[in-house]
Amino acid sequence: MQISTTLRNTMADAIDAAVGATGKIRFYTAAYASLLASASCNNPAFGAAAAGAIALDVSPPVQDTSPAAAGSCVLMGLYANGTAAASAFIAALGVATTGTPDVTMSNNVIATTDTVQVSSLTITVPAGTPTT
Amino acid sequence: MNQVTLQAERAGDPGSKPDRQEITLEELARRKQAGLSMANVQITGMVHIIDKDGNVKAELPIERID
Chain A
8 MQISTTLRNT MADAIDAAVG ATGKIRFYTA AYASLLASAS CNNPAFGAAA
58 AGAIALDVSP PVQDTSPAAA GSCVLMGLYA NGTAAASAFI AALGVATTGT
108 PDVTMSNNVI ATTDTVQVSS LTITVPAGTP TT
Chain B
52 MNQVTLQAER AGDPGSKPDR QEITLEELAR RKQAGLSMAN VQITGMVHII
102 DKDGNVKAEL PIERID
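Protein sequence lines, in the order shown, are assigned to chains A and B.
Position in the first sequence counted from 1, then plus 7, gives you this note's numbering.
Position in the second sequence counted from 1, then plus 51, gives you this note's numbering.
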């Protein structure tokens, strides 16, 4: 299946719309047991879609300068706000220091004195190819 | 060339004789690649953990490409 660029842009912008004006990127321990850090997104969180892709607006920085708790980050997720249930993510990513996780961390231990900063994030809806 | 045999009961006809089709592994990979869904959305990026002294303690490359 191949998706048109117009539809890919619509789908990518829909992700941005789902994040909304008060989006958060939240970092959790295993099984969402403990919220470690929560970085506020800008409004809008992403720029307009182009070629099926949206890029996170990182100016001003998307960061948490005072993490709520210390621990090992195993999950990170994109949320519409800071109060949504952990399971109510828009996108969730697995984090690990080894193997082939979604997010490879050189050090996944977050301290309360650290700053957790999302330096870049791009979401792409692929075009695919028609199969005959 | 490696061949893969796909077989499945016809939809809505449990117990029917399976349909068979032989394809190459390359074709199987191509079909999988073409079978798009929202699960194929790609996410790439970078997260930094910076310590209290301003030093980058960890870099977290994000790469979720199905």
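Each hint should be verified, as a subset may be incorrect.
With a straight-line Cα cutoff of 20 Å, these simulated SDA-like cross-link-like pairs (lysine to any residue) come out [as the list claims (entries may be wrong)]:
(1) B:K108 - A:P68
(2) B:K108 - A:A38
(3) B:K108 - A:T120
(4) B:K108 - B:M97
(5) B:K108 - A:G54
Hint data in this document are derived by calculation from the structure and do not stem from the laboratory.
Given the proposed pairing of K108 of chain B with T120 of chain A, does the C-alpha separation stay at or below 20 Å? Answer holds: K108 of chain B to T120 of chain A is near 12 Å, not above 20 Å.
Is K108 of chain B within 20 Å of A38 of chain A, Cα to Cα? 24 Å, violated
Practice item. For the pair we were handed, K108 of chain B and M97 of chain B, check the Cα-Cα distance against 20 Å. Key: 13 Å, holds
K108 of chain B paired with P68 of chain A [C-alpha distance capped at 20 Å]: 17 Å, holds
field: Given pair status - G54 of chain A, K108 of chain B, alpha carbons within 20 Å
entry: 28 Å, violated
In summary, the structure is inconsistent with hints 2 and 5 from the numbered list given earlier, while agreeing with the others.
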